[in-house]
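Engineer: Listed in order, the protein sequences are those of chains A and U.
Numbers 605 to 942, taken from the numbering used here, label the letters of the first sequence in order.
Numbers 4 to 211, taken from the numbering used here, label the letters of the second sequence in order.
There could be a bad hint or two in this list.
Claimed, not checked - Listed next, the in silico DSBU-like pairs over lysine-lysine satisfying Cα-Cα at most 35 Å (straight line): (1) A:K680 <-> A:K726; (2) U:K198 <-> A:K940; (3) A:K680 <-> A:K803; (4) A:K708 <-> U:K112; (5) A:K777 <-> A:K733.
Stated by the list, open to error - Partial selection, computed: residues in chain U whose CB lies under 7 Å from chain A: (6) P21; (7) P22; (8) A29; (9) S31; (10) A33; (11) D44; (12) A120; (13) R139; (14) D170; (15) I171; (16) G172; (17) V176; (18) A182.
These are calculated hints, taken from the structure and not from any lab test.
We treat Cβ as the ideally placed atom computed from N, Cα and C, and that holds for glycine.
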Amino acid sequence: MLIRIPPRSRCDSSEITPESVYLSRRRFMGAGAALLGSAALPVWAQAQAPASGYEGVEPGNPPGWFAQKLDGARWKAMEVAGESITPFQDASHYNNFYEFGPDKGDPAANAGGLPTEPWTVKIDGAVGKPGQYSLEDLVQPHTLEERIYRMRCVEAWSMVIPWLGFPLGDLLKRAEPSSKAKYVSFETLSDPEHMPGQKSRFGLIDWPYREGLRMDEAMNPLTILAVGMYGRVLPNQNGAPLRLVVPWKYGFKGIKSIVRISLVEEQPYTTWQNLAPNEYGFYANVNPQVDHPRWTQARERRLPSGLFSPNVRDTLMFNGYGDEVASLYQGMDLAKYY
Amino acid sequence: MIRQPLLRGGVFLAALIPPLVWFYQALSNALGPDPGKVLLDRLGQGALILLLLTLCLSPLQWATRWSGWAHIRRQLGLWTFAYACLHLVAYLLFVLGLDFTQLAVELRKRPYIIVGALAWSGLLALALTSNRASMRRLGARWKKLHRLVYAVLGLALLHMLWIVRSDIGLWLVYFSCGALLLALRLPPASRLLKKLRGTRPAPAQVSR
Chain A
605 MLIRIPPRSR CDSSEITPES VYLSRRRFMG AGAALLGSAA LPVWAQAQAP
655 ASGYEGVEPG NPPGWFAQKL DGARWKAMEV AGESITPFQD ASHYNNFYEF
705 GPDKGDPAAN AGGLPTEPWT VKIDGAVGKP GQYSLEDLVQ PHTLEERIYR
755 MRCVEAWSMV IPWLGFPLGD LLKRAEPSSK AKYVSFETLS DPEHMPGQKS
805 RFGLIDWPYR EGLRMDEAMN PLTILAVGMY GRVLPNQNGA PLRLVVPWKY
855 GFKGIKSIVR ISLVEEQPYT TWQNLAPNEY GFYANVNPQV DHPRWTQARE
905 RRLPSGLFSP NVRDTLMFNG YGDEVASLYQ GMDLAKYY
Chain U
4 MIRQPLLRGG VFLAALIPPL VWFYQALSNA LGPDPGKVLL DRLGQGALIL
54 LLLTLCLSPL QWATRWSGWA HIRRQLGLWT FAYACLHLVA YLLFVLGLDF
104 TQLAVELRKR PYIIVGALAW SGLLALALTS NRASMRRLGA RWKKLHRLVY
154 AVLGLALLHM LWIVRSDIGL WLVYFSCGAL LLALRLPPAS RLLKKLRGTR
204 PAPAQVSR
């Protein structure tokens, strides 16, 4: 339903989301109207340096280096064939980011005040080049790529989101992991002053939020660190300024607002697994055959899902990325290592 | 003649309007990308709040001279049941997508859905026997049967507890209210409430 105005000149019809299955006639007409609108737009849109290129998506307030990186970005480096991109409004107003509150609308309402510039990330553990790096320095050597990925939440809803980022593996290689680096551990910012959820006395989470990956998962080319989405800088509620995206795993693995990346020898502590080990595992691979104890994982609601036209579809093994990642888990009992 | 028509009418409207507003919001895309889920949650919590309000009436009646509380008890109870029914319908339509083979699986495997179904069945029994004819027919047994409401409260709270993922603050509020209302029914507390009425003239106005 979204239409990209490409950063430089192209605006061909393949840019428009295809006649996707669930689009109602009215929505389709709406998209058509938007296309007419966009034909009149390019001159105006290009005049603004950091225009997102997505219809109706404001560029946000990015730091100077971000606009520069955007110029050299590889657009549509990966796409999802035949599926519509979730509207930006939904992707940025329906979030699980418990640091900002337990309800889906809380992050959008409460995350605006989080300072994301300057931002530093500590890289430590089994690496040759540990240190405290500014985000700008971390991103500088990499080309931003637009990766359009399915995002499947463990709560059985899903979206399709165009991320802007770079492979985590490229960053890890620069840090020169030693032979002791078997896992990667990530940590979110701890900042109760700006994160009301961390102040809640009835919260069940032991802050800061922590996540982890096995080394081969981290090095898989699908795994990225994102700094933007929808052609713009990440909104705070989506994990600004730096978040993990692992498209074949449930969304909670995609840790947000990262301040620390450690390479470690043992399987690291991860937040949800620790809170409810019978419900959330370390691996958390999208798997329609292994149900969450409280609900089925066989199907998902692709958002937006209308009241009387529920957009329910079957969940795919590894969220549809089996060709790329199934080999990582060969011989493992995925019902045991869920 | 209907006694307390204003109070009854007010309660009727106050309970009727929220679901209409929510439904309108859902249809006009004001509830976000997953309106069915929001409706489901609001109807469920609405039912719980109505149940707690219903349980406020007896302690209020003991503590005040005003007898009007009793006149809205049946209505609030029936509204609780109505919200619970809408909550159930929202689940069947928006979450299950009317896939009843899946319902059998859910009932077998998900404890919180079983607990919710039990709570709803309890409310159904209470609603079916809420009329005068049933009261007359059941006689003394009616009162015993309607103590089922305490079990329903416990089941409803358990149902909600199992859905909480990260923050139990809101649940604790409901739990505390429920615990307080049950505690007020223990003989020492209820005696105290009744004494309150005896020593002090109660305010005459309707506080809603």
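Engineer: Using Cβ atoms only, decide whether V176 (chain U) comes closer than 7 Å to chain A, and label the hint accordingly.
Structural biologist: Hint on V176 (chain U): violated, closest Cβ of chain A at ~9 Å, above 7 Å.
Engineer: Closer than 7 Å between Cβ atoms is the bar; does P21 (chain U) clear it against chain A? Give me holds or violated.
Structural biologist: Result: violated, 17 Å to nearest chain A Cβ.
Engineer: How about A29 (chain U): closest beta carbon in chain A under 7 Å, or not?
Structural biologist: 5 Å, holds
Engineer: Verify the proposed pairing of K777 (chain A) with K733 (chain A), using a straight-line Cα cut of 35 Å.
Structural biologist: 10 Å, holds
Engineer: Against chain A, is A182 (chain U) within 7 Å by beta-carbon distance?
Structural biologist: Hint on A182 (chain U): violated, closest Cβ of chain A at ~16 Å, above 7 Å.
Engineer: Would you check whether A33 (chain U) satisfies its interface hint, that is, whether its CB is within less than 7 Å of any CB in chain A?
Structural biologist: 11 Å, violated
Engineer: Verify the proposed pairing of K198 (chain U) with K940 (chain A), using a straight-line Cα cut of 35 Å.
Structural biologist: Since the Cα atoms of K198 (chain U) and K940 (chain A) sit roughly 61 Å apart, the hinted pair is violated (cutoff 35 Å).
Engineer: Interface hint check: P22 (chain U), Cβ to nearest Cβ on chain A, cutoff 7 Å. Holds or violated?
Structural biologist: 13 Å, violated
Engineer: So, as I understand it, the hint says I171 (chain U) touches chain A; can you test that by seeing if any CB pair is closer than 7 Å?
Structural biologist: With Cβ-Cβ at 5 Å, under 7 Å, it holds.
Engineer: May I ask you to test the interface hint for S31 (chain U) with respect to chain A, counting a Cβ-Cβ separation under 7 Å as satisfied?
Structural biologist: With Cβ-Cβ at 10 Å, over 7 Å, it is violated.
Engineer: Would the hint on A120 (chain U) stand, with a C-beta cut-off of 7 Å toward chain A?
Structural biologist: 15 Å, violated
Engineer: Under the criterion that the straight-line Cα-Cα distance not exceed 35 Å, is the pair K708 (chain A), K112 (chain U) satisfied?
Structural biologist: 26 Å, holds
Hints 2, 3, 6, 7, 9, 10, 11, 12, 13, 17, 18 from the list above are not met by this structure, while the remaining hints are.
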